[in-house]
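A.B. asks: Sequence:
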Amino acid sequence: MVSSKPTVVPLPFWVRGDTNAFFGFGVNVLVNVLTLTGLCIGVVKLPEGEVFGTILPALGIALVAGNIYYTYLARRLARRENRTDVTALPYGPSVPHMFIVIFVIMLPIYLRTQDPVRAWEAGLAWAFIIGVIVLIGAFVGPYIRRYAPRAALLGTLAGISITFISMNPAGQMWRMAWVALPVFALLLIGLLTDVKLPFNFPIGLAALLVGTAIGWVGGAMSVPDVTAAARDIAVAVPSFKLDLLFTGLSDMAPLLATAIPLGVYNFTEGMTNVESAATAGDNYNLRSVLLADGAGAVIGAALGSPFPPAVYVGHPGWKAAGGRSGYSMATGVVIAVLCFLGMFGLLAAILPTAAIVPILLYIGLLIGAQAFQATPRAHAAAVVAALVPNIAAWATGQIDNALAAAGTTAATVGDEALNGAGVVYDGLLVLGQGAILAGLVLGAVVVFIIDKRFVRAAVFAGTGAVLSFIGLIHGERIEWNANGQVALGYLFVAVFCGVFALGRPTPRVPEPGEAEMDETDGPAVPATEPEADAQRTAPVRG
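For the sequence shown, the residue numbers in the numbering used here are 572 to 1113.
Simulated from the structure, these hints should not be mistaken for lab results.
Do not rely on the hints blindly, as some may be mistaken.
Claimed, not checked - The calculated label-pair distances, taken between Cβ atoms and stated as ranges, are:
no., residue 1, residue 2, range
1, A992, T798, 29 to 39 Å
2, P618, F772, 36 to 46 Å
3, E846, E619, 38 to 48 Å
4, Q969, W585, 40 to 50 Å
5, A1072, K767, 28 to 38 Å
6, F1067, M823, 32 to 42 Å
7, L752, Q969, 21 to 31 Å
8, R1079, A891, 28 to 38 Å
9, F584, G1060, 52 to 62 Å
10, P1083, A992, 23 to 33 Å
11, A891, L1059, 46 to 56 Å
12, P679, R587, 42 to 52 Å
13, K767, P1076, 48 to 58 Å
14, P581, T684, 30 to 40 Å
We put the CB at the ideal spot given by N, CA and C, even for glycine.
Please take these sequences and the hints and turn them into a complete structure.
C.D. replies: Dropping the structure here:
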């Protein structure tokens, strides 16, 4: 009698494609950790002992745990579907968040108090709040997404990418353009075209090696610096820093203006990445992903890391490179070991900054371009509207930093003198406070006005009035009547939109192809585990 039991396909822990994916994804995460290390030491002036002895080991714990977890999810899915081509979701420190927590949260506190520990405490509290919001988002995220237009969400993210992610690396690149531009060109050729290197050599690793070689041959690096960094290598074991976290949480109100919208963005991006993986053939359960992302941020903050990790964009790319489940776990383990051994100081002495930062400019370009490419063409003006508050926040930060370097402040110089020099500092300051949430509100209002959905525009404008009144946007602090004038302006917008809604105008007719692009009115509700199982047996949408 012939058995009808299906044959179980062997599931290896490592395949040849994992090597390609490991070097590509591993270099990506390595660059990000090197960057956040430099930001902590060079911008916020945190002591190197705290960075290498506490923050990086805490981040290492979150990375190794998260990547092992996503390896487990991939293997579980592979066994359930009896497949060998399942690719794990990539996971690492979030690039937008590490710039925001440094430049928007920690740096202003450091400049005001000259106390890097105070800034660190605020960063931990901010990361913790992000994690809690993502955990909540695992259950309510899709319902919030129902009302937030994609142009507004991606537009405010694009504002972050153009300013906080792209501008500083671009400035560093052009200080040593002879090192950085060849690296940038290699990244563009390898990542934006179908051109491959011989033997399918990872383009990220190749670009980093080429830039490093140019830097050393050109005399940009120093052997004594490497020797000194090598002497500082030491094993660091992470431990809980609950005292720092609780101190930061004691003054959490000012942090909510950025933590709330970024938390919303986190679980929205998580949903998008899960859908992207499903399109590539791997149907993961959304709730499992969001719970892991939220837990990673909370645990990392409790251990001392202000950098929330998250699932990365790019699963289809690593799948196309042949990556399966092993590359994710290997990346987490290797990066964690480097964190525990304090190797990033040595790596920073070996690798020129100009060879590292081009990948950040590349990421900024992609995020900025996505805001226009993944939204309806008619909503382009809304994307720009969502950009503006973030640009204002970046500009006022640059002004504040320049004045601080000159030993003065904007208040000392005075608004009249600044306005006389063509610097509308007071207006930019108001516009840029709570920039991420402000961009989301402003972008949504513009989207719904363009679509002639005036009731929705009125609702978002009314929301802007409430948020301005309590100081979550356009206010220096959370308080009652934080900025009544701005709140009144939003209220007038809501009234005008309500008046136009009375005429019952016909909504804008979507252009061909918009239904697949704009998910404003049709979010996917997170599947329960049984529903997810049913989805896994359904045909994959191509």
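A.B. asks: Are the hints correct? Go through all of them and say.
C.D. replies: Quick rundown of the hints versus the structure:
| no. | hint | in the structure |
| --- | --- | --- |
| 1 | A992 - T798: 29 to 39 Å | violated (47 Å) |
| 2 | P618 - F772: 36 to 46 Å | holds (39 Å) |
| 3 | E846 - E619: 38 to 48 Å | holds (41 Å) |
| 4 | Q969 - W585: 40 to 50 Å | holds (47 Å) |
| 5 | A1072 - K767: 28 to 38 Å | violated (54 Å) |
| 6 | F1067 - M823: 32 to 42 Å | holds (35 Å) |
| 7 | L752 - Q969: 21 to 31 Å | holds (24 Å) |
| 8 | R1079 - A891: 28 to 38 Å | holds (36 Å) |
| 9 | F584 - G1060: 52 to 62 Å | holds (59 Å) |
| 10 | P1083 - A992: 23 to 33 Å | violated (49 Å) |
| 11 | A891 - L1059: 46 to 56 Å | holds (52 Å) |
| 12 | P679 - R587: 42 to 52 Å | holds (48 Å) |
| 13 | K767 - P1076: 48 to 58 Å | holds (52 Å) |
| 14 | P581 - T684: 30 to 40 Å | violated (58 Å) |
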